[in-house]
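Participant: Listed here are the chains, written in short residue letters.
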Amino acid sequence: MDNNCLLDVKNLRVRFYTEDGAADAVSDVSFSIEKGETLAVIGESGAGKSATGMAIMDLIPPAAGVEVGGAVDFRRRDGTVVDLRRLTSRQMRHVRGNEIAMIFQEPMSSLNPVYRIGDQIAASIMRHQHRGRRDARRIAAEMLDRLGIPDPKARLASFPHQISGGMAQRVMIAMALACRPSLLIADEPTTALDVTVQAQLLDLLRSLQNEFGMAIMFITHNLGVAAELADRIVVMYAGRVVEHAPTKALFANPRMPYTRGLLASIPRIVRDDAAMKLSAIPGEVPNPRHQPRGCAFHPRCGHTLAGLCDTDVPPLEQCGPRHGVRCVRWRDLVSEQAA
Amino acid sequence: MTSEPLLAVSGLAKRFIVRRQDGSRAELRAVDGVSFTIERGEVLGLVGESGSGKTTVGQLILRVIDASAGTIRLDGIDIGALSTAALRPYRRRMQIVFQDPFSSLNPRMTVGDAIGEPLAIHGIVKNAAERREKIAELLRLVGLSAEDAKKYPHAFSGGQRQRIGIARALASAPDLLVADEPVSALDVSIQAQVVNLLLDLQARLGLAMLFIAHDLAVVEHIANRTAVMYLGRIVEIAESRTLCRRPLHPYTEALLSAVPTPDPNIKPARKVLKGEIPSPIDPPSGCVFRNRCAYALPACSKERPPLREAGGGRFKACIRDDIL
Numbered sequence: 039m040d041n042n043c044l045l046d047v048k049n050l051r052v053r054f055y056t057e058d059g060a061a062d063a064v065s066d067v068s069f070s071i072e073k074g075e076t077l078a079v080i081g082e083s084g085a086g087k088s089a090t091g092m093a094i095m096d097l098i099p100p101a102a103g104v105e106v107g108g109a110v111d112f113r114r115r116d117g118t119v120v121d122l123r124r125l126t127s128r129q130m131r132h133v134r135g136n137e138i139a140m141i142f143q144e145p146m147s148s149l150n151p152v153y154r155i156g157d158q159i160a161a162s163i164m165r166h167q168h169r170g171r172r173d174a175r176r177i178a179a180e181m182l183d184r185l186g187i188p189d190p191k192a193r194l195a196s197f198p199h200q201i202s203g204g205m206a207q208r209v210m211i212a213m214a215l216a217c218r219p220s221l222l223i224a225d226e227p228t229t230a231l232d233v234t235v236q237a238q239l240l241d242l243l244r245s246l247q248n249e250f251g252m253a254i255m256f257i258t259h260n261l262g263v264a265a266e267l268a269d270r271i272v273v274m275y276a277g278r279v280v281e282h283a284p285t286k287a288l289f290a291n292p293r294m295p296y297t298r299g300l301l302a303s304i305p306r307i308v309r310d311d312a313a314m315k316l317s318a319i320p321g322e323v324p325n326p327r328h329q330p331r332g333c334a335f336h337p338r339c340g341h342t343l344a345g346l347c348d349t350d351v352p353p354l355e356q357c358g359p360r361h362g363v364r365c366v367r368w369r370d371l372v373s374e375q376a377a
Numbered sequence: 009m010t011s012e013p014l015l016a017v018s019g020l021a022k023r024f025i026v027r028r029q030d031g032s033r034a035e036l037r038a039v040d041g042v043s044f045t046i047e048r049g050e051v052l053g054l055v056g057e058s059g060s061g062k063t064t065v066g067q068l069i070l071r072v073i074d075a076s077a078g079t080i081r082l083d084g085i086d087i088g089a090l091s092t093a094a095l096r097p098y099r100r101r102m103q104i105v106f107q108d109p110f111s112s113l114n115p116r117m118t119v120g121d122a123i124g125e126p127l128a129i130h131g132i133v134k135n136a137a138e139r140r141e142k143i144a145e146l147l148r149l150v151g152l153s154a155e156d157a158k159k160y161p162h163a164f165s166g167g168q169r170q171r172i173g174i175a176r177a178l179a180s181a182p183d184l185l186v187a188d189e190p191v192s193a194l195d196v197s198i199q200a201q202v203v204n205l206l207l208d209l210q211a212r213l214g215l216a217m218l219f220i221a222h223d224l225a226v227v228e229h230i231a232n233r234t235a236v237m238y239l240g241r242i243v244e245i246a247e248s249r250t251l252c253r254r255p256l257h258p259y260t261e262a263l264l265s266a267v268p269t270p271d272p273n274i275k276p277a278r279k280v281l282k283g284e285i286p287s288p289i290d291p292p293s294g295c296v297f298r299n300r301c302a303y304a305l306p307a308c309s310k311e312r313p314p315l316r317e318a319g320g321g322r323f324k325a326c327i328r329d330d331i332l
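Those protein sequences? They're chains A and B, same order as listed. Each residue of the first sequence is one higher than the last, beginning at 39 in the working numbering. Each residue of the second sequence is one higher than the last, beginning at 9 in the working numbering.
Distance condition first, Cα-Cα at most 30 Å in a straight line; then the derived DSS-like pairs of lysine-lysine:
1) B/LYS279 / A/LYS286
2) B/LYS142 / A/LYS315
3) A/LYS191 / B/LYS279
4) B/LYS275 / A/LYS315
Distance ranges between label pairs, derived from CB positions:
5) A/SER83 / B/LEU332: 33 to 41 Å
6) B/LYS282 / A/GLY340: 39 to 47 Å
7) A/ASP58 / B/GLU138: 37 to 45 Å
8) B/ALA163 / A/ARG331: 17 to 25 Å
9) A/ALA290 / B/ARG27: 52 to 60 Å
10) B/MET117 / A/PRO359: 49 to 57 Å
11) A/ARG172 / B/VAL26: 34 to 42 Å
12) B/ALA94 / A/SER83: 43 to 51 Å
Derived by calculation from the structure, the hints in this document are not laboratory data. These numbers were taken from a predicted model, which means no experiment stands behind them. Where is the CB? At the ideal position from N, CA and C, for every residue including glycine.
Input sequences plus hints: build the corresponding full structure.
Facilitator: And the structure:
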């Protein structure tokens, strides 16, 4: 692992054994995140993006019928590189919440309704930074202040039901950042919020990242949010990485037909007289239990060739600088486009 | 005959009595003096954030709940004043499509029964053969097949369920469809399919629609005109494109600038709104947006700004003409 690399995920797999047989929520997912970088993981429901985040954090409960495989190399604060998958659960507890923090889509259900907000933030500071209660509460108040929460002292005494959704997500961010993690995994943190509150939080995350220098893995289905925030983007479909590239390259030269379809199907606020119909991707997002053979996108793709796309899973090929695509026809499509 | 709009809503209000945290009673104005019209075959978008009252407006129009004040005229008839029995023929002409296709279909009813129910209630079909034929026709209309009538909702994806919800809403051949966030629970690639279906049906059947959503970009694609709501009031109405290109109300401007642009080359020139939507129990005096507005003057707290004509068929509820 080179010196700038913070997290290196290799061949990650999350497999569920169901009555209908094995289903891979995540298959063979590899990507890396550099120190201080923002990586967006985008995809639709069932793409495996949340399962990837949960697997990195070792939050998928060890149960019969679930199997997590692969390696997750992480550079710790002291510079050592460890494979998070090989840590004991005790060792992992020192990393989780301390060096890697996570925030979720539903801030309200992530907070414990029967504890005051101050106690919930302080608990993580006391645990990981070995501070006393008074110290921890002071740090908690400072974090809330930093996050633009008015009257932070009074808020520490509030219960979760007394605050709004936007405020609850700020509290979650305060809790996540209190220990100054080097990586924040944000799983659709603004999806449940209104756009104006989302805009506030995205601005806030950006400035906190500048201040604290942490890396962010931002899981989202919203391409607009990814375009604004990310340095690089990983596109997932049906449990696999189907394309990854620096943000500008992905939007300028999407290579995977799925990425192109996704970009074309988002409604934009048009400033010219473009056609009103949206260009939709036909068909449905595949069910993880019944993945199509070959390329999982082939039944919905306009460029499918029988006997080629529906036989083997295509390899992830390099198609540009730091740009990878999982499509056996990407070269044909580039020349078709040029012609 | 005068050219009466299909739907004319005037001074519509809904007040709820709630208890404050200290136990005292208070009045919550969910909808506070809303007026607009929808012409035959027109799509009116209604946008706003959570708590703006947009869903309540939809429910009031359909008389799912009764208004505290104001009139709702369908073809000139004040349906707000009708008894439940007298209302029934009008109910047939107004239908709703809900946000969540997972909770809006009865899991124990086949798709055919779900679509057949309004056919029976409104006496649209005479016998079983006719009913079967009508259900098949509706399913085909929304891009499903006649065989799907025998299946249960669990066999369908979210996008397909939303199609079923649309087929059910169209069963009684309504003139007006209230679509309450019909695509916001769907994946991006599926969202576009359903938006296109609604556009297509609207054009083919000449449907009028009240399209309620929080996503301005979706609304701009589907609605002829758009009304923006904030804290129970309409702050601006205009032709959708004009509204998005040149908003006249400071809230519309802020809402537009908050939408993330799917283009990494455009750095957002963002006007981030401060604070959050105030409680509708004790809203600010005068203009309810003034405490978050970058252009507020002392005069804004004095009286409620009326929704007034701002030229070119546009309306805004803002006292300032020297901005935007």
